[in-house]
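Assemble chain F onto chain S, guided by the hints.
Below, each chain spelled out in residue letters.
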Amino acid sequence: MTVLEGIGITKRFGGRVAVEDVSVAVHAGRVAAVIGPNGAGKTTLFSCLTGATALDSGTVLLDGSDVTSRGADDRARRGLGRTFQRLSVFGSLSVADNLLVGAEATRRTPLWRGLLGLPDRRASGDAGRVDRVLALLGLEDVRDQEARTLSTGRLRLVELGRALCGEPRVLLLDEPASGLSDAETDGLRAVLRAVADDGVAVLLVEHDVRLVLDVADHVYALAQGRMLSSGTPDEVAADPAVRSAYLDRTRA
Amino acid sequence: MLLTLQLALAGLAFGSVAALSGIGLVVTYRATGVFNLAHGAVATLIAYVHWELVVRQDVPEAVAAPLCVLVLAPVLGVLGYRAVFRPLQERDASPAEALVTTLGLFVLVVGFTTVLWGNGAKRAPAVFPTARWDLGELTIRSDTVVQLAVVGLVAIVLAVLTGPTRLGADVRAVVDRRELAQLSGVDVDRVNQLGWAVGTALSAITGLLLAPSLSLTPYGLTLVVLETFAIPVLARLSSLGVATVAGLGLGVAQAELTQVHVTQEPFATALQALQSNLLVVALLAGLLLLPSLREVGDAGKARSFSSRRGRRTSPRRSVVLYAIAAVMLASPLGYPAEQLRQAQAVPGLAVVLVSIVVLTGYGGRISLGHAGFAGLGALFFAKLSSGAPELVALVGGMLAAGAIGVLTGYPAIRRRGLFLALTTFAVGVTVSRFVFESPTLTSGIDVHRPSLFGLSLAGDHTFYAFELACLVVALLVVRNLRSGPLGRALLAARDSEPGARASGLDIGRITLFTFAVSAVMAGLGGALLAQTTLSFESHAFDPVSSSLVWFTAVVVFGADSAAGAVLASGLFVAMQLVTGSSDAALLPIGLLAVLLGRFPGGVLAGLGAAGRPVSAPVADRRLSPTGRALVRQQ
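Keeping their order, the protein sequence lines are chains S and F. Going by our numbering, the first sequence opens with residue 1, and the numbers climb by one from there. Going by our numbering, the second sequence opens with residue 1, and the numbers climb by one from there.
Chain S extracted, bound-state conformation (with noise of 0.2 Å):
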């Protein structure tokens, strides 16, 4: 079943085109991913499909509703979750705290109830899912601490952990494996295999070719702007036009 999908989707930055025509599609249950090289428009990509930025055409469909005019709170709270390049974790909460705001942010209580000190009737299930997803990231032992004492590699581990909280339907992933060390990047490739299996569509942004022709199912290949190729891992791979413009190179 298609969760998320983008059609014919084009930015512009001034006048020089950004990302043009791209259409992309992410299943539930499969991992998805795009590929390219610096510049080729990933980031842009993925900015239209999270709702950061505007976009000049196209459309983007959430669970087959058209979301291409909402903000990127309102796709969260519709079931994207997201992580980001440049990592955005909440410096000042604990790391459980930080979960907890994924978890609670998603159901837009009314915020008065808050100023009144009222419970929030449907937030017994939060604690337990806050720790359910500590374990399955193995930060159970920094649950406690700050996050800004952490590490970058245990900071993608709690953004990742954030958007999980906020039961995403779609996830959606800005180079998770950067700045992580091998073992952490295995433990990663783990986590999303879980994650898809769990009926999570994901889809991810790498530099990291070889993580990518591991975990996804199905591979988008652009290369300044436009759509070189997509298909199978074992297929992009093999695609001439892509080899050329960017496998070649950074295997090299």
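Think of the hints as simulated: they come from the structure by calculation, not from any bench. Virtual Cβ for every residue (Gly too), placed ideally from N, Cα, C. Do not take every clue at face value.
Facing chain F, a subset of chain S residues (Cβ under 10 Å, in silico) [unchecked claim]:
1) G71
2) A72
3) R82
4) L87
5) S88
6) L93
7) V101
8) R108
9) L115
10) A123
11) R129
This is chain F only, laid out in the frame that chain S set:
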């Protein structure tokens, strides 16, 4: 036609002074990255020194004015930079901290002026001779001509300095990227000192030229200079040419407006207000309509003076503070009525200061217009209570303040730092000028104390108890804002807006909510203050002597500390009782604010850190500027 010309000349006289003030602000900002909110206070201080020299000490004008403008002002500027702003820069403090430090400087300088020369109005001597030449029926004043010549000269000199010279290249390099300029060997320190020297010299000229046309009082002249903020805003903080034209243009436009006549109310009143407040309107319009200011660096982070953490670092300390505050607040209930009356301003003011904590400490937003919210609460309470039960009127006043708070919150959704500070300040000044000082709205107001379900609170003891109850409610609201899902959401939005948005938090909604809660609370505090004095006085809600001073006090005592806000309120009232002057608290608060660079979390946090000031490591100090920049890059 003749009248138009004559008015234009009068307008140019004021416009040239306004242009000089605006140019001074832009020069300092471009060269140092600091928008000097103390510009007006410095102008006033120098005007007082000039008055002292000429009137009291009989120094000839030809000596006094150059001494003030060319020696005293630049020296003060450079000293201020070395003592206050250079340490901030060495610590790599955020522009928001520098902004608050200029506020501290403002409070300190105004306090100093008041202590030395008192609050009474002085008649300042004219700087230039005032000969009149008659050209047919047109009268030209010599001082207007001289002032225009000064503006022209200043503009040309600055254009040359920032133009194709070595110094000009250095200035432009520093403006572009401070660190890179440092790395490529530009003497950033020299550019900074020059920026401060030129800026304060221009503020001195402004003070000297403006003072004779007003009666010289510490706040009066300061506010007029602050109104010229309109000019750097219209110049988007960058263009000296636009600043010059905007100053002259606004001066002429304000003068020409007096030709327009309307008799129909309420337009006549509005026009009258516009005629004397064109700069204020231009400031607000410029801030709301221009796309954005060209700010240097990232002034977006109010986080730096809000040290609040997700987990409270020291619960024991705040329990002790609350216990001290509770005993001090309750003790006046045991006093006889006469002495109790002197303490009645404390809870009302505390509620207002706590409302600033809500917005700045918890919401991470600067607000320099809180006296506007408080005054609206007071005014609407007073107006409504003539026709409705007092409690209903009180709620009405709070809602009125909340409505303006929400309106102010809209532009705040996308604004931060200096842009937001100026916008809230402009809102405060506008409300003060067009509402609080409007005779039709504020004359003949009778303020009563409320009665609660038939129980009159008019007695001094019962009223004080009611005030304390209101303060407790405000503090309970604050507690709710810092705990549970709401507290986490506010912290999340403060720490990382993209992250908060990606988690599903609606930043716009949270911003409006924080502004609304803060303004409603400020409205309650304002109404309590009016009930304390049984009157509505516009100067109690002044955009300068109240808004700016209150905000500074809150930041000094820890922007995120409600207990600190309550203590600050006690300090204001206690200092007034001890010294008999309402400005007595300015000196300590200003001094502490200027030292904020060394105690980033506020005084209480500084005390908590056992007096260990934050400063650059010794080794770092021994480095050259280039070396420091290198170390910082890592």
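(message) So, against the hints stated earlier in the document, which numbers end up violated here?
(response) 11
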